[in-house]
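The chain contents come next:
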Amino acid sequence: MKKRQLNQIFQQHQHLIEKAVYSKNIQISGITADDVFQEVSIRLFKVLESDRQIENLSSYIYRTTANVIIDLARKQNRHLLDVPLPNPNDEEHYQADLISTEAEPDQKLIDSETKTKILQAIESLPESRRIAVKMRLQGYSVKEMVELTGWPYYKAENLSKRSITALKEKLKLMNIDYEIN
Amino acid sequence: MKLTEKQLADLFINSTQANQAPVGADECLNAMPASPARLKHAESLLNNFTSAQSMKMAFGMKQWSKKVADSIQTSQKSWLGFFGMNHSFKVAVAVMAFAFMLVIPEFSQRNIATVSVNNDMTKDVISNAHFENKSDVLSKGSFDRETQTNDSLFDANFG
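Chains D and V are the protein sequences, given in the same order.
When we follow my numbering, the leftmost residue of the first sequence carries the number 1471, and every step to the right adds one.
When we follow my numbering, the leftmost residue of the second sequence carries the number 535, and every step to the right adds one.
The hints are simulated quantities; they were obtained by calculation from the structure and are not laboratory data.
Hints are not guaranteed to be accurate.
Selected chain V positions facing chain D (Cβ under 7 angstroms, derived; list incomplete) [claimed, not checked]:
1. Lys536
2. Pro556
3. Leu563
4. Glu577
5. Ser578
6. Ala586
7. Gln587
8. Trp598
9. Ala603
10. Lys611
11. Ala631
Pairwise CB distance ranges (calculated) [unchecked claim]:
12. V:Gln551 <-> D:Tyr1623: 27 to 33 angstroms
13. V:Ala626 <-> D:Ser1611: 47 to 53 angstroms
14. D:Leu1643 <-> V:Ala543: 17 to 23 angstroms
15. D:Gln1475 <-> V:Ala631: 37 to 43 angstroms
List time: in silico EDC-like cross-link candidates among lysine to aspartate or glutamate, alpha-carbon distance up to 16 angstroms [unchecked claim]:
16. V:Lys596 <-> V:Asp560
17. D:Lys1494 <-> D:Glu1614
18. V:Lys536 <-> D:Glu1639
19. V:Lys574 <-> D:Asp1581
20. V:Lys536 <-> D:Asp1647
21. V:Lys601 <-> D:Glu1488
22. V:Lys574 <-> D:Glu1593
23. V:Lys596 <-> D:Glu1614
24. V:Lys536 <-> D:Glu1525
25. V:Lys540 <-> D:Asp1521
26. D:Lys1631 <-> V:Glu539
27. D:Lys1585 <-> V:Asp544
28. V:Lys611 <-> D:Asp1521
29. D:Lys1640 <-> V:Asp560
30. D:Lys1642 <-> V:Asp560
31. D:Lys1638 <-> V:Asp560
32. D:Lys1585 <-> V:Asp560
33. V:Lys540 <-> D:Glu1649
34. V:Lys596 <-> D:Glu1488
35. V:Lys600 <-> D:Glu1649
Quick caveat, the model's predicted, so the values are computed rather than measured.
C-beta: ideal position from N, C-alpha, C; glycine also.
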């Protein structure tokens, strides 16, 4: 297979990359559909060119794409961490009032000691429940839980509900009234 | 104290922002579904905000991966089908080509040997031509011979 043919195939299905990359459900930015397109096509072309036998091509492309996305996101994250905040002495038009030093109302309610206790409560849950809570807090749907863990759908659905109930009970012992949505 | 799900989510996400997830996506996806290894890798990804969100993006690429794989396979099949080839046929052709590479030089060497044997044959026409023989035409051709009367050039009289 030639690179041109592979690019044509990728372009045919470009709309699906865009749909996934620009989904509103995902809270990371800085990754573009073009970045994913370029990086996956380079990696895939190398494999196809080598005439290596791939048992399940669809699964192989899926895993390669997942790796590419994670690599791009980590690179982007490192880049953001490396960029320092503007220094008031260096910036000519620095406006201090743009960066508020006051805590948000939500943050005011939770002090650092309580935060630590809450995180410890999550970590003290049994493995399956702990993972289910973490997935739910990271905004995973039940379908996405199934994808990540390989649990059957009904198990993921049950764990999603039961794990939050179990966390609520733990927090209640700490005098924290957790409202489940 | 009251805590909403959004507050809890923000608290947890903030705590995972600075974490590093040493696990790659394929390590998790390659492990057996619901196995202890899979869950361990999954949790490692969830402990890092960037990795957790990246995996969500990757799930959205499953349909795309299938479509691309189907298109690649269709394209490869049609190209091979045009020549009536499949993978096993390609292997067979490669083996035959290799065999020819071994056989043809061997065959050529044998031909050279045969030709050299033929050179020693006693019925060679050239070796039979004796220049000393009286019937040889060349031996008759003598420029010193005076009896040559019919030469037209010598008959030419300018006077």
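List of violated hint numbers, smallest to largest = The structure breaks hints 2, 5, 10, 11, 15, 19, 24, 25, 29, 30, 31, 32 and 35; every other hint is satisfied.
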